[in-house]
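Asker: Same order as they appear, the protein sequences are chains A and B.
So the first sequence is numbered by my numbering: it starts at 218 and just counts up by one.
So the second sequence is numbered by my numbering: it starts at 2 and just counts up by one.
If you are wondering where the hints come from, they were derived from the structure by calculation, not from laboratory data.
One thing to keep in mind: the hints can contain errors.
In silico DSSO-like pairs for lysine-lysine, Cα to Cα no more than 27 Å straight-line [as the list claims (entries may be wrong)]: (1) A:K697 - B:K350; (2) B:K75 - A:K807; (3) A:K428 - B:K171; (4) B:K75 - A:K810; (5) B:K355 - A:K423; (6) B:K233 - B:K20; (7) B:K20 - A:K423; (8) A:K428 - B:K350; (9) A:K755 - A:K810; (10) A:K428 - B:K91; (11) B:K91 - B:K76; (12) A:K554 - B:K61; (13) B:K61 - B:K27; (14) A:K326 - B:K61; (15) A:K721 - A:K755; (16) B:K75 - A:K423; (17) A:K398 - B:K171; (18) B:K83 - B:K98; (19) B:K83 - A:K406; (20) A:K423 - B:K27; (21) B:K233 - B:K269; (22) A:K600 - A:K470; (23) B:K75 - B:K61; (24) A:K398 - B:K27; (25) A:K470 - A:K406; (26) A:K600 - A:K721.
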Amino acid sequence: MAKHENIRAIVATDCGSTTTKAILIKLVDGEYRLIVRGEAPTTVEAPFEDVTRGVLNAIREVEELSGHEVLDGESIVHPNDGGDRGVDLYLSTSSAGGGLQMMVAGVVKSMTAESAQRAALGAGAIVMDVLASNDGRLPHEQIERIRHLRPDMILLSGGVDGGTITHVVELGQIISAADPKPRLGLGFKLPVIYAGNKDARPEVSKLLDEKTSLFQVENLRPVLERENLGPAREKIHDLFMEHVMAQAPGYDKLMDWTDAPIMPTPGAVGSIIETIAKRQDIEVVGVDIGGATTDVFSVFQDTFNRTVSANLGMSYSVSNVLAETGVDNVMRWVPFKLPELEVRNRIKNKMIRPTTVPQTLEDLKVEQAIAREALRLAFEQHKSFAVSLKGVQQERTISDAFNQSASGGTLVNMMDLDLLVGSGGVLSHAPRRQQAAMMLIDGFMPEGITRLAVDSIFMMPQLGVLAEVHEKAATEVFEKDCLIHLGALVAPVGTGQEGRPCVKLEAKFPDGRTVADDIPYGDMRVYPLGVGETVSAKITPARGFDVGAGGGRVLETTLTGGVVGLMVDARGRPFRLPTDEHQRVEKLAKWAKAFNAYPEI
Amino acid sequence: MAHAYTPGLRVAALTVVRKSRRLPIKGEVLAKKGDRVTADTVVARTHLPGNVQLVNVASKLGLPPEDLPSVMVKKDGDPLKKGEPLATTKGFFGLFKANVPSPCDGTLESISTVTGQVILREPPTPIEVDAYLDGEVVDVLPGEGVVVEAFGTFVQGIFGVGGERTGEIKVVVDNPGVPIDASRIDASLKGKIAVGGSHVTWDGLQKAIQVGASGIVVGGFDDPDLRRLLGKDLGVAITGSEDIATTLILTEGFGEIAMAGATFDLLKSREGRKASINGATQIRAGVIRPEIVVPMPEARATAADAAAARGAGLEAGSCIRVIREPHFGRLGIVTDLPNELQVMESESKVRVLKVKFDDGREALLPRANVEMIER
Numbered sequence: 218m219a220k221h222e223n224i225r226a227i228v229a230t231d232c233g234s235t236t237t238k239a240i241l242i243k244l245v246d247g248e249y250r251l252i253v254r255g256e257a258p259t260t261v262e263a264p265f266e267d268v269t270r271g272v273l274n275a276i277r278e279v280e281e282l283s284g285h286e287v288l289d290g291e292s293i294v295h296p297n298d299g300g301d302r303g304v305d306l307y308l309s310t311s312s313a314g315g316g317l318q319m320m321v322a323g324v325v326k327s328m329t330a331e332s333a334q335r336a337a338l339g340a341g342a343i344v345m346d347v348l349a350s351n352d353g354r355l356p357h358e359q360i361e362r363i364r365h366l367r368p369d370m371i372l373l374s375g376g377v378d379g380g381t382i383t384h385v386v387e388l389g390q391i392i393s394a395a396d397p398k399p400r401l402g403l404g405f406k407l408p409v410i411y412a413g414n415k416d417a418r419p420e421v422s423k424l425l426d427e428k429t430s431l432f433q434v435e436n437l438r439p440v441l442e443r444e445n446l447g448p449a450r451e452k453i454h455d456l457f458m459e460h461v462m463a464q465a466p467g468y469d470k471l472m473d474w475t476d477a478p479i480m481p482t483p484g485a486v487g488s489i490i491e492t493i494a495k496r497q498d499i500e501v502v503g504v505d506i507g508g509a510t511t512d513v514f515s516v517f518q519d520t521f522n523r524t525v526s527a528n529l530g531m532s533y534s535v536s537n538v539l540a541e542t543g544v545d546n547v548m549r550w551v552p553f554k555l556p557e558l559e560v561r562n563r564i565k566n567k568m569i570r571p572t573t574v575p576q577t578l579e580d581l582k583v584e585q586a587i588a589r590e591a592l593r594l595a596f597e598q599h600k601s602f603a604v605s606l607k608g609v610q611q612e613r614t615i616s617d618a619f620n621q622s623a624s625g626g627t628l629v630n631m632m633d634l635d636l637l638v639g640s641g642g643v644l645s646h647a648p649r650r651q652q653a654a655m656m657l658i659d660g661f662m663p664e665g666i667t668r669l670a671v672d673s674i675f676m677m678p679q680l681g682v683l684a685e686v687h688e689k690a691a692t693e694v695f696e697k698d699c700l701i702h703l704g705a706l707v708a709p710v711g712t713g714q715e716g717r718p719c720v721k722l723e724a725k726f727p728d729g730r731t732v733a734d735d736i737p738y739g740d741m742r743v744y745p746l747g748v749g750e751t752v753s754a755k756i757t758p759a760r761g762f763d764v765g766a767g768g769g770r771v772l773e774t775t776l777t778g779g780v781v782g783l784m785v786d787a788r789g790r791p792f793r794l795p796t797d798e799h800q801r802v803e804k805l806a807k808w809a810k811a812f813n814a815y816p817e818i
Numbered sequence: 002m003a004h005a006y007t008p009g010l011r012v013a014a015l016t017v018v019r020k021s022r023r024l025p026i027k028g029e030v031l032a033k034k035g036d037r038v039t040a041d042t043v044v045a046r047t048h049l050p051g052n053v054q055l056v057n058v059a060s061k062l063g064l065p066p067e068d069l070p071s072v073m074v075k076k077d078g079d080p081l082k083k084g085e086p087l088a089t090t091k092g093f094f095g096l097f098k099a100n101v102p103s104p105c106d107g108t109l110e111s112i113s114t115v116t117g118q119v120i121l122r123e124p125p126t127p128i129e130v131d132a133y134l135d136g137e138v139v140d141v142l143p144g145e146g147v148v149v150e151a152f153g154t155f156v157q158g159i160f161g162v163g164g165e166r167t168g169e170i171k172v173v174v175d176n177p178g179v180p181i182d183a184s185r186i187d188a189s190l191k192g193k194i195a196v197g198g199s200h201v202t203w204d205g206l207q208k209a210i211q212v213g214a215s216g217i218v219v220g221g222f223d224d225p226d227l228r229r230l231l232g233k234d235l236g237v238a239i240t241g242s243e244d245i246a247t248t249l250i251l252t253e254g255f256g257e258i259a260m261a262g263a264t265f266d267l268l269k270s271r272e273g274r275k276a277s278i279n280g281a282t283q284i285r286a287g288v289i290r291p292e293i294v295v296p297m298p299e300a301r302a303t304a305a306d307a308a309a310a311r312g313a314g315l316e317a318g319s320c321i322r323v324i325r326e327p328h329f330g331r332l333g334i335v336t337d338l339p340n341e342l343q344v345m346e347s348e349s350k351v352r353v354l355k356v357k358f359d360d361g362r363e364a365l366l367p368r369a370n371v372e373m374i375e376r
């Protein structure tokens, strides 16, 4: 790998479960910019069974589109010759093969087990199940569960250092009795990471050394009030590379090619969100809605949290969105009347043929209705999970420790949120950016003043892994080519009566327009304000409403524009849709019209 | 670009079908290479380790865990009968002895002086794997199972529920556009596979289950009925292990959709023959689709085109089925594959193809919204 200052051309790939995406980044006039993006089907399945085939195909598309030579036969040309040949850095992320699927175990469900879950999620894993001594299941049920799920890895924790070892050893006995086998790669032992009470190490060794591939790291909860997730998380990453990835066809070759370790896709996206929050010193929420999973990332009060909703997505998991939220919650976002049978059958047909795309406008609207619910559910899960404890240095009191989930809910504060970033097919590839804006607003219900943005072409994973190696390049491309600013949203908190005053917006726009609008409760408005433009605004909420300065208080602030513009959502928070079907359909159509979200037919 | 890759379900009149029949864990393989087998021939057998029971003997006897070895009557590996004492205290001059009985039959697996627990394993459960197809064993996977090969008709469905079944094919409708309702099901379908047209009603399915039909193969089914059948909304498409007596296979999708003519005609031509079906579906990486296999060993000698016919990709002249609204379920022939992206009604910019439907009308469709069919 060339020295940082000498890096002129970078190729990064993301091997998804269905598509491998490649991007080419080059140093142009002292700035790193995205040149092109190419894609090809992922090739971990028969007949190819070699992930590098798809990588080569995606890179070839990049070569064809850009005229930049990256490959010499089947190898990547290093370094860049100063022109259109070779690259200085090649990186990759991967979620092929269903990502990293883990089980975690801890003694007390709301304490060590929850810490273990956080460690696994932070490392980019999907947590399939959480075992705990007090999870209400009988030992044989827990054993059955381990056997049935066949995780890629198990993280075992429990007990504070110096405390009793009985319970954590019992969990070890359960894992040992289950004699777990890994999902991929017959004939190799399942990796188990022990990160519990250090005094139990010899006993755990006795139980698991022979049957599994056991690794012992520092206790992730050495004392009750403190977490130490770092060592466990790093071990998960290492083992993901050495064991799980290595079992996937062709990865050994891909690992040789890359200049830095391959990262799990969600870990990479999380990393870029964290970097942006740190650099701009802001509170950020990011979402990546895929076909099978939806990942939510947040940074509040300098604390990064990530959740994976493994069964919420727009294709493979679309039917599960319906199962989780219920048909009424999906139907409420559909701006026309459609029989329940029709909605149900359509969603199932999407599930069984996940690669299809909406051809008709009606179909697109149904799909975007489902996306709203998928985003809402994933964010609900995130909110209930995001807690303030992270790393070694942050401490909480004993009383907090007994009620973690409840205390965690307070961390996501929508009023403090500065930037909401959306990524994933349904958001990045929405035919109009206004549609992406509306899906984000309806799914997340931002409060006060929030900037909205989407990933232009779905390249946050590659930038995430790049951020690990070359932060400057990642950030420049992220801000200039990846992030499409949709504009600022003003959303007063409070409820009122339809048509009564909600908020007054006074602003002088760069083009000379002056606005002094009273926006009634229940309305949505969009004011043109382009990318890079700002406006000084005076926002006066009506009595009982708050835009961030307190109930009824005036907020004077600078608002930024975007491809959609300056958006005002005066539908109140908490938000309620009319229950009467006729009114509901009328309202949805009115809001969509205000945003110019759909073509008139 | 003159052709494009698109997924498609196989509908093959005559082909070679190979199925690997594996045990979940290592065991004994009963069949040899070259053996002729029928669907119900047991080809491999093993024993699944029994359930584990944990008994905290130390706490039951009020002893510290480290004293456990001194009171244990049974040792590691000892066989157990339900009610037999696992441990007995010495008592007081031989009196007031306390016992901990075994809660089950099985063997003693381990004794822990840390937790005071004794781990017992219940007797193993026997597991057998049958051949599933009438055919020939062409390979033996030592300790794991065999590969069975059959020659005959192979039809993939799009979605199914219920596991492996066999039965004689019986077509219960006159044409592929007719739904199966209860009136088309009678007692003569016991043990048979009913093949129908566009849809099966809830009553029709219930009656099939009631008369003991092995399976139903049909164009479509309604999602609310699937929910009634499973007792819950199906979230993720991983099926095959449902406890349903009649396996259901959909060839087209959800709703009322006429079965593709080629599929219907092919199955009709196999009426009266024994078929093996499996509803197992997994729509994930490594997709699994439900299937209907009709072994026809006698056709092997005369079949010339068995392995051919699978086109590499979509091209002008390919037969396709539309798999999304607005032309969902319709069949046609590709007439052109334009290179340029086209804007759809939804304003999505996509790669498209031109298709001519059976009625002569033409349409422009996203390539992602069709699948290739063999006819």
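Asker: Which of the numbered hints above does this structure break?
Answerer: 2, 3, 4, 5, 6, 7, 8, 10, 12, 13, 17, 19, 21, 22 and 26
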